[in-house]
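Visitor: Order-wise, the sequence lines are chains Z and P.
When the letters of the first sequence are read in order and numbered with this note's numbering, they come out as residues 980 to 1303.
When the letters of the second sequence are read in order and numbered with this note's numbering, they come out as residues 332 to 435.
These are calculated hints, taken from the structure and not from any lab test.
Quantities reported herein were computed from a predicted structural model and do not represent experimental measurements.
Keep in mind that the hints are not guaranteed to be accurate.
[What the hints assert, rightly or not] What the simulated footprint calls covered on chain P by chain Z, stretch by stretch (three residues with Cβ under 8 Å from a Cβ of chain Z suffice, anywhere in the stretch; the number is not a length): (1) 341–354; (2) 362–374; (3) 386–400; (4) 403–409.
[To be verified] DEER-style ranges, computed between Cβ atoms: (5) P:I359 / Z:S1062: 47 to 57 Å; (6) Z:A1105 / P:D352: 47 to 57 Å; (7) Z:Q1132 / P:D352: 52 to 62 Å.
[What the hints assert, rightly or not] Computed cross-link-like contacts, EDC-like style, restricted to lysine to aspartate or glutamate with a CA-CA straight-line distance of at most 20 Å: (8) Z:K1241 / P:E345; (9) P:K342 / Z:D1006; (10) P:K342 / Z:D1027; (11) P:K342 / Z:D1023; (12) P:K342 / Z:D1286; (13) Z:K1072 / Z:D1027; (14) Z:K1241 / P:E414; (15) Z:K1241 / Z:D986; (16) Z:K1072 / Z:D1030; (17) Z:K1241 / Z:D1271; (18) Z:K1072 / Z:D1127; (19) P:K342 / P:E414.
For glycine and all other residues, C-beta sits at the position ideal for the given N, C-alpha and C.
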Amino acid sequence: MTIPGGDPEALELSAARLEVAAAGVADLGNSTHQVTCSILSDADWTGDAADAFTTFTGNLSRGAVAVQAPLSRIATAVRDYASYLRTAQQQVKAYQSASLAAQLSGDTGYLGDVQTAGQQAESAIAAWQAAGDRAAAEVGAATGQLSDVFGSQGPVQSWLGRQPTQWDAVDGLAGLGEPLGPQILGTPPGDPGPQILKTPSGDFGPEILITPGGDFGPEILITPPRDLGQELLGTPAAPLWPMINYSTGDGGIKGATGSIGKLSEDFDYSTRDIRTAIHTIKRLARLPGNPDVVVDPSGEVYPVGQDGLAGDPIGNILDVLPPQ
Amino acid sequence: MSQGFSVRAGKLQEGSREIGDLQERCQIIAADAVDALARMTGSAGHADLVSALEGAEARGERTFGALTMAYQHVGVGVAASAENYANTERVIAGQAGTIFGRLR
């Protein structure tokens, strides 16, 4: 009888961290609602663009809040599983100790204790297996919930569906600060004449509303300012895609992987550190097209081509990971 | 259908920075959540659970990536709108200056 693998303490710690993250993302969603309401009211922003903003950010807020439940569900399932794992490990250890003691002593009087310990260990292992199955089902169901936090018909999901590439990175987004994709939040329409009539702000507003004499008034009303809208409504210069894509294969390199979780385990760094390191390597390499990457056991990073095969190494994550 | 140029562009610009702060928070939470899921995967010791957690990690990464992108999109959109409104105000101000100059 072997001791079940796994680390219940690490699982409980991770579950606690996931609970914190779950609470954090719910709070983020609520904050998003508050911030967007404040923006609308403070800026006195109304009209089509403001309406689009309200709709989009409302969906975004609810989406963020909706992430909490599946994360909490996973945390609860894993915490529950960890207790069964711990019990199973303890019971098997107890059985092994009893067996060893019986062997060393040669006293047949211990056999009853060994048998009892063995039965308890078998029960604990069966309970652990069942708990693992239950937890796997729970995690699977929660993963399904995570897939649809924005709602399939929501504006956020629709917008994501129009993005040119897969969106799977949690850190680093290309072109930060540049216009990205069609601005569904909208900009003032191309013909701002009527808006000018509405309520111009600043010191010049009242004068314009007076409609000055001569030919100049109409000119203001019908001539849209030349710089409005076009740049922002046009196709962006930079595509919106993640800075890091991870390959699902090994790219033909023995032992290589694109799994951040596995790399985190292999190199004993957090997934955040691993991501940052790969991000840095990719940025330094200035590779066109943001290819997928795999990392071999020595830390060498390889871009993976469309054919699924790794190219020449572009750097080593051990050179950029922080000292431990 | 109209949009008022009573809009305070400066407030919109401030708002875009607040959205940026939310995006940063989202990225920090995302990294923590995905890291926690990855560590669970490495500590589970049960084949089916490991497989399920790997799926959760991948899905979590995608979901948080989508959230982050959406925040970025909102921030950029609000900043762009703020700039647009500010440009409009400047153009109006310029036109008004011309008018009043000619009217003198």
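Visitor: With reference to the structure, classify each hint as holding or not holding.
Guide: Verification of the hints:
1. 341–354: Check passed, 7 qualifying residues.
2. 362–374: n = 13 at 8 Å, threshold three: holds.
3. 386–400: holds (count 15)
4. 403–409: holds (count 6)
5. P:I359 / Z:S1062: 47 to 57 Å: violated, 30 Å
6. Z:A1105 / P:D352: 47 to 57 Å: Holds, at about 50 Å.
7. Z:Q1132 / P:D352: 52 to 62 Å: For D352 of chain P against Q1132 of chain Z, whose Cβ atoms are near 29 Å apart, the range 52 to 62 Å is violated.
8. Z:K1241 / P:E345: Violated, at roughly 41 Å.
9. P:K342 / Z:D1006: Violated - the C-alpha atoms of D1006 of chain Z and K342 of chain P are around 23 Å apart, more than 20 Å.
10. P:K342 / Z:D1027: Answer holds: K342 of chain P to D1027 of chain Z is near 18 Å, not above 20 Å.
11. P:K342 / Z:D1023: holds, 9 Å
12. P:K342 / Z:D1286: The hint is violated at about 49 Å.
13. Z:K1072 / Z:D1027: violated, 68 Å
14. Z:K1241 / P:E414: Given pair K1241 of chain Z, E414 of chain P is violated - Cα atoms ~45 Å apart, limit 20 Å.
15. Z:K1241 / Z:D986: holds, 16 Å
16. Z:K1072 / Z:D1030: violated, 64 Å
17. Z:K1241 / Z:D1271: Measuring from Cα to Cα gives roughly 16 Å; hence the hint holds.
18. Z:K1072 / Z:D1127: Between K1072 of chain Z and D1127 of chain Z the Cα gap is close to 43 Å, so the pair fails against 20 Å, i.e. violated.
19. P:K342 / P:E414: With Cα atoms ~11 Å apart, K342 of chain P and E414 of chain P stay inside 20 Å; holds.
Hint check: violations occur at hints 5, 7, 8, 9, 12, 13, 14, 16, 18; the rest are consistent with the structure.
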